[in-house]
Amino acid sequence: MITATLNAYLAISALLFAIGFLGVLVRRDTLIIFMCLELMLVASTLALVAFSRFNGTMDGNVFVFFILTVAAAEVAVGLAIIVAFFRKRQTVQVDHIDALKN
Amino acid sequence: MANFVFLFFASFTVICAAGIVLNRNAVNAAMCLLLCLVGVAGLFVRLDAFLLAFLLLLVYAGAVVALFLFIVMLLDTKGGTTPARSAVAKAASLGAGALLVAGLASFTLKGRLAAPPPAGPAVGASLKAYAYELFTLYLLPVEVVGFILLITMIGVIVLSRKEAGGA
Amino acid sequence: MTSVQLALLVLLLPLASAGFIALFLRRRGGAAAALSVVAATTVAVGALVLALQGGRFEAAREWFRLGSFTLSLGFKYDDLAALMLVIVGIVGLCVHVFSLGYMHDDPARGRYFAGLSVFMFSMIGIVLADNLFMMFIFWELVGFSSWLLINHWYEQSAPPEAAKKAFITNRVGDFGFLLGILMCYWLRGTVNLSALAAQGAAGHAIFSRAIPLLLFCGAVGKSAQLPLQVWLPDAMEGPTPVSALIHAATMVAAGIYMLCRIQVLMVPAALTVIMWVGVATALYAALCAFVQSDIKKVLAYSTISQLGYMVAAFGLGSVRELNAQGEVVVVAAGVGAAMFHLTTHACFKALLFLGSGSVIHGCHHEQNIFKMGGLAGRMKFTFVTFTVGVAAIIGLPGLAGFFSKDAILYLAYANNRAAFAVLALTAVLTAIYMLRLWIITFLGASRSEAAAHAHEGGFTLAAPLAVLAALAVVAGYRGLYPDAFAGILRLVPESRGTVHAVIFVTSLGILLAGAALAWVLYGRTGRSAFVSADGTSADAVRDPLQARCPALFDGLVALQHSFDRVYGYYIAKIQQRAAMLLNFLEVIGLAGLVVRGAAGLVGMAGLGARALHVGRLSAYLYWFLGGVVILWLFAVGVL
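Residue numbers (the working numbering), protein chains in the order written: chain F, 1 to 102; chain W, 1 to 167; chain S, 1 to 639.
Chain F extracted, bound-state conformation (with noise of 0.2 angstroms):
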């Protein structure tokens, strides 16, 4: 039986991450990386909920406050610089995204 100790916190976490990098290496569409990006965020909120809770110290649960402003100022930027793209390029699809080639 699956017991809810650290362990098994920090597995969902890692498992949550991994998904979410697997998401962005393997998706073409730029909104759905960035949803995955966000997966991987949320990830590692969970994992330092977890610590801080199994050691009874309050860092871990004030650091994702930061984390919470910063994923959502990244989010805000990021979908603007999206926005911009698209209206240049049409597309948001990755692969389109390579002009600095080469």
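Derived from the structure by calculation, the hints contain no laboratory data.
For clarity, every value in this text was computed on a predicted model and none was experimentally measured.
A virtual CB, placed ideally from N, CA and C, is assigned to each residue, including glycine.
Incorrect hints may have been included.
[Stated by the list, open to error] Calculated lysine-lysine pairs in the DSSO-like style (CA-CA distance at most 30 angstroms, straight line):
| hint | chain 1 | residue 1 | chain 2 | residue 2 |
| --- | --- | --- | --- | --- |
| 1 | S | Lys573 | S | Lys164 |
| 2 | S | Lys164 | S | Lys297 |
| 3 | F | Lys101 | F | Lys88 |
| 4 | F | Lys101 | W | Lys162 |
| 5 | S | Lys297 | S | Lys380 |
| 6 | S | Lys573 | S | Lys297 |
| 7 | F | Lys88 | W | Lys162 |
| 8 | W | Lys90 | F | Lys101 |
[Unchecked claim] Selected chain W positions facing chain F (Cβ under 7 angstroms, derived; list incomplete):
| hint | residue |
| --- | --- |
| 9 | Ser93 |
| 10 | Ala96 |
| 11 | Tyr138 |
| 12 | Val145 |
Place chains W and S on chain F using the hints.
Chains W and S only, in chain F's frame:
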């Protein structure tokens, strides 16, 4: 009972995460992200971080995912014009997947935490603790984060101007 | 004005003159000449004032400091420096005045006089230097100004070659000189001459044989001793006043002066080597002078021979003699004899060179003595002064050369009989070839159109000749010298008693034998007038020695060319091949492998890095994943 809650929310989160990655449609993927966040919030509650769970739902699920949906709708991407994936890319993605599985396996099977520590006091349950930490020990990061948000706002405004500066 | 200030003025005024001419007066030859002559006059007057009234002093100023090494520039004005400075000043002034007339029609007069001023500055620097480093700096400057002046007519082909040869040969000698200075500094801790003298006087044993010999290398180069004498005959490509000043009286004498300065470092073994080098040089040059047909080349070889005398005199070292009380004292006679001969030689050799300049000028730049002749009647003043010079150099009793040569012969007689024999033989040869020159150039009938219409130069050519002729007569009488120079002249060895008689008889015998042989060999040369109407006659007159004993003549010519041939062979075969090998190594190894190889490697690295920029996001992500994998391997402990 508590264990069942954990199991339910954990599996729910993982399944929705898989859904994000595997969904063709961007809107579907956004919905899956939302559900994923709900699952994680549940896990937070299980970890006695009630404030954080609520904040997650409020900020992340409420604002960020909503923003994602706005943009997805705005950009109106058609999924059809993507070129076929080359064999190399397929093989590479399989390889990456295998690597990730291996990493996870090694982690879970050979993780150093042989004896998991017992759960300490649930300090995260009270709002006062957060406030105390934020306004004494982590005051500087709070201010810096404020600046980050300010700059983000400015950046977004600059980036989305319609004249030559934006595009 | 204090003595130090006057010395500074004497040193720096020629430099200022040279600088001013170089900057502003390049085109204005007349103004440049006037400025240079004014500078030379001030130098001569200043030298005399310093010598007679200025007192003896030493002054120094530190120039820079590197750790524990300091280089200071300073003056060491003692009797030796006073004498040399007066020689340089007077001969320099005579040459400057002579140049006014001789170079009057030369288009590059400004450059010439600037070069003369630079030379005066450098030579005075050598004379006044108080440490070996400073002397070396001015040594090189003198070599540079010699190059500049030999190269005066650089549009022709011979002067640049001669100038290059002079400079490079000097450089070879200077390499030894520099090694000697470094060794002296390393072993003795100082290169200051006074400090070295104090070390010697305090009884520190100065055992090193290498230091004096290495320093002597500089004198070998600068004073044209064997084996580095090859540059001096070629240096006659420069204008005649330059030959008179630099390559007869002063620059080549700088080597002797330097030897006298470093006398405290000498050891008997080194002195022996120096003596034999000087003796060999004297003999060799005298033999070579027999087969020259250019008037300046004869005088050049004569200079080399006389310098050999001076070097030999220095090398003969000291003499034990009985002083007034009848005790045996050791007199540092080498310095005295060498400097005495240097003084008299400066006077009569400059006189001979300027006389030859007058002859060349009168014969419209004809330098072959077999195309001259009959000038005794046409250029009377030059003839008279030239005769005085010839008489002085062959040692006519009563003239300057007689006394100084006697001193050297006495020194040789007292210390080394073999050297005495060779030097006496060389004196006979000197008499013969100088009389040969005198007879062929001046006596007989005119052998070319130019000689037939020769005429005297103007006042500027005659006045220096008169001054130098007067000096050539009186310079031998040490009693006439002011007390200022007593410090040096005291050291000149004087023979007494039976030895004195021996030496005197030997000198007279040398003179008479030489004169007789010269008359026998060359007395009837060129008595017949030339024939052709076009002014030249290809072989109207040949060298009588060549006519009578062609084998001997050719042997002497081969002897003269032997050094040049050896050097030429070395340079063409050995040095050139070494240079080509190094060039090959450099092109293939350094430029090819190392430089282009390094560039190629960097280029390939760049190409490789460039290939990574595929522009696709997923590729970069895979790289990212790779990095994570590596980190994971580290964490797990595999790596």
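(request) Please write out, lowest number first, the hints stated earlier that are contradicted by the structure. (result) No numbers; nothing is violated.
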